[in-house]
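> Sequence:
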Amino acid sequence: MLIELQNVTKVYGKDEYATKALSQVSLQIERGEFIAIMGPSGSGKSTLLNIIGCMDVPTEGVYQLEGEDVTKLNDKQLSDIRNKKVSFIFQHFALMTNFTVFENVELPLLKRNMSKKERREKVEYYLNKLGIFHLRQKNVSKLSGGQKQRVAIARAMVAETNIVLADEPTGSLDRQNGEKVMELLQQMNEEGKCIIVITHDEKIASYAHRMIYLSDGCIQLDKGKE
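If you use the numbering used here, the sequence shown corresponds to residues 1455 to 1680, in order.
No wet-lab data here; the hints were simulated from the structure.
One should not assume that every hint holds.
As the list claims (entries may be wrong) - Taking lysine to any residue pairs in the SDA-like style, the calculated list, with each CA pair at most 20 Å apart, reads:
(1) K1530 - N1504
(2) K1539 - L1561
(3) K1539 - R1573
As the list claims (entries may be wrong) - If you anchor each label on the Cβ, the simulated ranges turn out as follows:
(4) K1538 - G1496: 30 to 36 Å
(5) N1567 - N1616: 15 to 21 Å
(6) M1509 - S1626: 16 to 22 Å
(7) K1571 - D1469: 54 to 60 Å
All residues carry an ideal CB built from backbone N, CA and C; glycine is no exception.
Between the sequences and the hints, there should be enough to build the whole structure, so can you do that?
The following block contains the structure:
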């Protein structure tokens, strides 16, 4: 089992200011799945994704990633997991705007034991794969929305993690560029990656093989499981 959540609850704030974002969520995800998470605003979608990606921890419950209970890990250990096992793609790209395309895509490799030559070859491979090699020395602030999202996807791909988490990856794009992004995620899934996408768009969700619907911090529907 790649991902397993057991009775996960997440509460923000304390006492009269407490807000329950997730309530007793249990979920199992196998390697190579392609999952869409849907639900209204405030339903807990981003909180769930952040916990899966080790950017946040449950208030209660157990989260196991590849059999390891990550709820017992310290901040450094969680950071190591994020660097080695999980890649993120965000709606607003989360790129370093004062960096070039090449420098942004290279970022996940800087903490790894790789030579400069190895990093360059790997980055250039994925820039070519996504058709943005010609933009490699361009500052990302000069790019279009579609180009920025391709840079973000290249950054996720270069890390070569088994899990890719995408929070509204097409939300800032027009329909044509949004479909191109989903085709790239579909290709990553076909290569064996586990893809988990948050979306409000049913057409975008149709790329997934499994749909999880959240409401008020609870899973209301989990469609596609055998």
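> Decide, hint by hint, whether the structure agrees.
For each hint, the structure was consulted:
Of the supplied pair hints, the one linking K1530 and N1504 holds, its CA atoms being roughly 16 Å apart against a limit of 20 Å. A C-alpha spacing of about 15 Å is found between K1539 and L1561, which places the hinted pair at or below 20 Å, so the restraint holds. Taking the CA atoms of K1539 and R1573, the gap is about 18 Å. The hint holds against a cut of 20 Å. For the hinted restraint 30 to 36 Å between K1538 and G1496, the CB-CB distance of approximately 32 Å keeps it satisfied.
Remark: the range hint 15 to 21 Å for N1567 to N1616 is upheld by a beta-carbon distance near 19 Å. Look at M1509 against S1626: about 20 Å separates their beta carbons, and that is inside 16 to 22 Å. The given range of 54 to 60 Å is respected by K1571 and D1469, whose C-beta atoms sit roughly 56 Å from each other.
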